[in-house]
Amino acid sequence: AQTVTQSQPEMSVQEAETVTLSCTYDTSESDYYLFWYKQPPSRQMILVIRQEAYKQQNATENRFSVNFQKAAKSFSLKISDSQLGDAAMYFCAYSPQGGSEKLVFGKGTKLTVNP
Amino acid sequence: ETGVTQSPTHLIKTRGQQVTLRCSSQSGHNTVSWYQQALGQGPQFIFQYYREEENGRGNFPPRFSGLQFPNYSSELNVNALELDDSALYLCASSLYYREQYFGPGTRLTVT
Numbered sequence: 001a002q003t004v005t006q007s008q009p010e011m012s013v014q015e016a017e018t019v020t021l022s023c024t025y026d027t028s029e030s031d032y033y034l035f036w037y038k039q040p041p042s043r044q045m046i047l048v049i050r051q052e053a054y055k056q057q058n059a060t061e062n063r064f065s066v067n068f069q070k071a072a073k074s075f076s077l078k079i080s081d082s083q084l085g086d087a088a089m090y091f092c093a094y095s096p097q098g099g100s101e102k103l104v105f106g107k108g109t110k111l112t113v114n115p
Numbered sequence: 001e002t003g004v005t006q007s008p009t010h011l012i013k014t015r016g017q018q019v020t021l022r023c024s025s026q027s028g029h030n031t032v033s034w035y036q037q038a039l040g041q042g043p044q045f046i047f048q049y050y051r052e053e054e055n056g057r058g059n060f061p062p063r064f065s066g067l068q069f070p071n072y073s074s075e076l077n078v079n080a081l082e083l084d085d086s087a088l089y090l091c092a093s094s095l096y097y098r099e100q101y102f103g104p105g106t107r108l109t110v111t
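One line per chain: the protein sequences are F and G, in this order.
My numbering numbers the first residue of the first sequence as 1 and each following residue consecutively.
My numbering numbers the first residue of the second sequence as 1 and each following residue consecutively.
To be clear, the hints were calculated from the coordinates, so they are not data collected in a lab.
For glycine and all other residues, C-beta sits at the position ideal for the given N, C-alpha and C.
Honestly, I wouldn't trust all of these hints.
To be verified - Derived list of chain F stretches under chain G, where covered just means 3 residues or more per stretch with a C-beta under 8 Å from a C-beta of chain G: (1) 13 to 21; (2) 40 to 49.
Stated by the list, open to error - Calculated lysine to any residue pairs in the SDA-like style (CA-CA distance at most 20 Å, straight line): (3) F:Lys107 <-> G:Gly40; (4) F:Lys110 <-> G:Gly40; (5) F:Lys55 <-> G:Ala87; (6) F:Lys107 <-> G:Thr20; (7) F:Lys107 <-> G:Asn59; (8) F:Lys110 <-> G:Arg98; (9) F:Lys107 <-> G:Tyr101; (10) F:Lys110 <-> G:Gln44; (11) F:Lys70 <-> F:Arg50; (12) F:Lys110 <-> G:Leu88; (13) F:Lys107 <-> G:Asp85; (14) F:Lys110 <-> G:Ala87; (15) F:Lys107 <-> G:Arg15.
Isolated chain F (complex conformation) (with noise of 0.2 Å):
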């Protein structure tokens, strides 16, 4: 079975600076989908950032970006200039299809954001 381990349950960042969560993951699959969504206070999950497993160029999205490590199964979130909007938990998941299959999550990261 697919899992997701987030190993840093908190995170804090100053505005502006750079923060990087930590994301690893276990499956045999070669062909598989990784995301990072954003789950602020309002409870909406919102998609931060998508990567295919088959492409070697590593994702961004604006602010964010991503370090894909698929030999470690490491799948790290980059954010850059870090805004109070950014303060949220955040979770790493696992698909195996083009990410409309089941989604496997990991326990999240909460990131706090000082002004």
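Starting from the known structure of chain F, fit chain G onto it as the hints suggest.
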């Protein structure tokens, strides 16, 4: 473009009762997935519906059941509620083989 909506926002039920949660998928999406998120945990997959058929199920008992309608909206039904069913229930919609978009969730409290 209308996003994923869920109703009700929150509700309180008594152990042993039954509950129905509703989800309207994002316009154009044909797949709906349901997740249970206990306090302080990541979401757990309950089941998924694709074109009105169940298309995968997580490790949840049969008292968790669902439906998808021709307009791709969906219901989650839970019978014989237990205290451990207290959680945030999230609905997500997608096009098949594409990423999922989540609704705001329904907070269920079982007393």
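8 Å C-beta test of the region 13 to 21 of chain F against chain G, three or more residues: Violated, because only 0 residues of the region 13 to 21 of chain F bring their Cβ atoms closer than 8 Å to Cβ atoms of chain G.
Within 8 Å of chain G (C-beta), three or more residues of the region 40 to 49 of chain F: Coverage by chain G holds for the region 40 to 49 of chain F (6 residues, Cβ < 8 Å).
Pairwise hint evaluation, G:Gln44 against F:Lys110, where the allowed Cα distance is 20 Å at most: Holds. F:Lys110 to G:Gln44 sits at ~18 Å (cutoff 20 Å).
Restraint check for F:Lys110 with G:Ala87, where alpha carbons must lie at most 20 Å apart: Given pair F:Lys110, G:Ala87 holds - Cα atoms ~19 Å apart, limit 20 Å.
20 Å limit on alpha-carbon distance, applied to hinted pair F:Lys107 and G:Gly40: Holds, at roughly 8 Å.
Given pair status - G:Gly40, F:Lys110, alpha carbons within 20 Å: Holds. F:Lys110 to G:Gly40 sits at ~10 Å (cutoff 20 Å).
Restraint check for F:Lys107 with G:Asp85, where alpha carbons must lie at most 20 Å apart: Answer holds: F:Lys107 to G:Asp85 is near 18 Å, not above 20 Å.
Proposed proximity, F:Arg50 with F:Lys70 (alpha carbon, max 20 Å): Distance ~14 Å between F:Lys70 and F:Arg50 Cα, so the pair holds.
Pair hint outcome, F:Lys107 versus G:Arg15 [Cα-Cα no greater than 20 Å]: Violated, at about 27 Å.
Given pair status - G:Thr20, F:Lys107, alpha carbons within 20 Å: violated, 26 Å
Straight-line alpha-carbon gap F:Lys110 to G:Leu88, limit 20 Å: At roughly 17 Å apart (the allowed maximum being 20 Å), G:Leu88 and F:Lys110 satisfy the hint.
Straight-line alpha-carbon gap F:Lys107 to G:Asn59, limit 20 Å: holds, 17 Å
In summary, the structure is inconsistent with hints 1, 5, 6, 8, 15 from the numbered list given earlier, while agreeing with the others.
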